[in-house]
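S.K.: As they're listed, the protein sequences go chains H and U.
For what it's worth, the working numbering labels the leading residue of the first sequence as 1, then goes sequentially.
For what it's worth, the working numbering labels the leading residue of the second sequence as 1, then goes sequentially.
Worth flagging that the hints you see were computed from the coordinates, not collected in a lab.
Where hints are given, some of them may not hold.
Pairs count within a copy or across copies, as identical chains cannot be separated in the list.
35 Å max Cα-Cα, derived DSBU-like pairs, lysine-lysine [stated by the list, open to error]:
id, residue 1, residue 2
1, Lys-117, Lys-54
2, Lys-19, Lys-255
3, Lys-28, Lys-117
4, Lys-269, Lys-117
In this text the structure is predicted, and so the values were computed from the model without any measurement.
Each chain is listed here by its residues.
There are 2 protein chains.
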Amino acid sequence: MSSKIEDLSRLCVHTLTTKPWDIGTCVKNYSAAGIKGITIWRNVLEDRNLVDVKKMLDDFGMEVVSLARGGFFPSIDLRRREMAIDDNLLAIEQAASVGAPMIVLVCGADAGQSLEKSREQIAEGILRILPAAQSAGVKLAIEPLHPMYAGDRSAINTIRQANEMAELIHSEWVGIAADVYHLWWDPDLQAGIQRCGSHNNLFAFHVCDWNVPTIDFLNDRGLMGDGCINVPEIRSWVEEAGFKGYNEVEIFSDKYWATDQKSYLEKIKQAYLTKT
Amino acid sequence: MSSKIEDLSRLCVHTLTTKPWDIGTCVKNYSAAGIKGITIWRNVLEDRNLVDVKKMLDDFGMEVVSLARGGFFPSIDLRRREMAIDDNLLAIEQAASVGAPMIVLVCGADAGQSLEKSREQIAEGILRILPAAQSAGVKLAIEPLHPMYAGDRSAINTIRQANEMAELIHSEWVGIAADVYHLWWDPDLQAGIQRCGSHNNLFAFHVCDWNVPTIDFLNDRGLMGDGCINVPEIRSWVEEAGFKGYNEVEIFSDKYWATDQKSYLEKIKQAYLTKT
């Protein structure tokens, strides 16, 4: 059984969840709604002075949970792999600048090579950026992605694969972001979460729902309660595994993005308190 | 290494692959193209006299590989579960009538209950129809479906789960249909296929490709060579596991359905000979 969620103290919202808002609007409205946790997607930092962004975050008392996202390490093209390293090093700087203690890694895949090869390149990539992450005090969270993204977004598609990768790298700076959307279908999920926690690798927990039917590969996620995922059960597993961090609401939804975002934020709070 | 495909003797095409054609047009054109194997989707049998269909299949020397599809056992509604049993019993009669030695089962899932519960109902459903299948001489092939279909189409999403189900039921009339589209991403696929063969449960092998990007959840499958699946490698695993049956081309594709189907059939033959 999951514990009841009593308040918003562990609620974090991803800026991409309210995609129509810029970073300033996110911060102002999340804060006014009583939401303290924020995961910042890098698109809202483009052309922004990060010192100003950091000051704004502090002024509103926001706690930055993560920066999203780094990764996309694999490529059949060496030059592109090097560009990915550079981009991840930039992400580490950005994370440090805005006070994010962690970066979520969407690890990547290249359809032109095997998944095994892509996983080798993911491990190489993480090891390459690890010293910079450690010096900056920024953790790296491997996010296993749903198998429907194996073609082009991630060659790490189950929590077992993420566990194996994190245990192979074996650094206190590298762990896992577990997202119900990607993992809910896995018959081994509870055991995988337990294993993740027992290695101190459970760094982040993302929630949303799987719509039935789902009509878009990227932007048709549901709000908790909209779909078929038993979010409270998975949260209970995460908590049993020792996780005490934020519950991060990460929803990509053309449907919700087309609605008034302030009303939507209220819906998120309601779904968080009653369906998460 | 996979063996080279030398000829069309093990090529089977699913009627839904050439969806614009009725059963008569499929049979006439497959036969003219030198394709002997056919898997018949039930939609092309609607309002047809099955005695006439069987005679036509025989006249053209076609070998029916499977009838697609039965299954969809789970429901939160008992009445719907009973309707599913009736529909599967009808499918067994249809299979026997057209000379299909096997029915492919898309096992089903109900988003209103857990995947575990749906799997229990799948096992119950298969056990309910098994005596009728056995008397009719029709085998039942459990097809594990990609995890992206776990919400509404199948609670059996990996070859391991299919193996477990088939081994639990433990009947020579129940086995597995392995489709590269659903299974390619699984890091345990080779071992799962080996296990399947060693229990004499590998009943069918379906091929197509995973397009990158994929734009539709159902009808954007690729022709072998279009996408990122290493079909020859998976075929080699299937053959190492002892499979000697047809390679069934099952492609749902709005793109290909919009083209001339005779030219498309030639493309299928080419892709079969060179990319499978």
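S.K.: Could you place Lys-28 and Lys-117 in one of the four classes (within, between, both, neither) given a Cα distance threshold of 35 Å?
M.R.: neither (44 Å within a copy, 44 Å between copies)
S.K.: Have a look at Lys-117 and Lys-54 and pick one of within, between, both or neither, based on CA distance no larger than 35 Å.
M.R.: neither (38 Å within a copy, 48 Å between copies)
S.K.: Go through the copies and call it for Lys-269 and Lys-117: within, between, both or neither, with a Cα cutoff of 35 Å.
M.R.: Cα proximity of Lys-269 and Lys-117: across copies only (30 Å, versus 42 Å in one copy).
S.K.: When no copy is specified for Lys-19 and Lys-255, does a C-alpha distance of 35 Å or less occur within a copy, between copies, both, or neither?
M.R.: both (12 Å within a copy, 32 Å between copies)
The structure fails to meet hints 1 and 3 from the earlier list, while all remaining hints are met.
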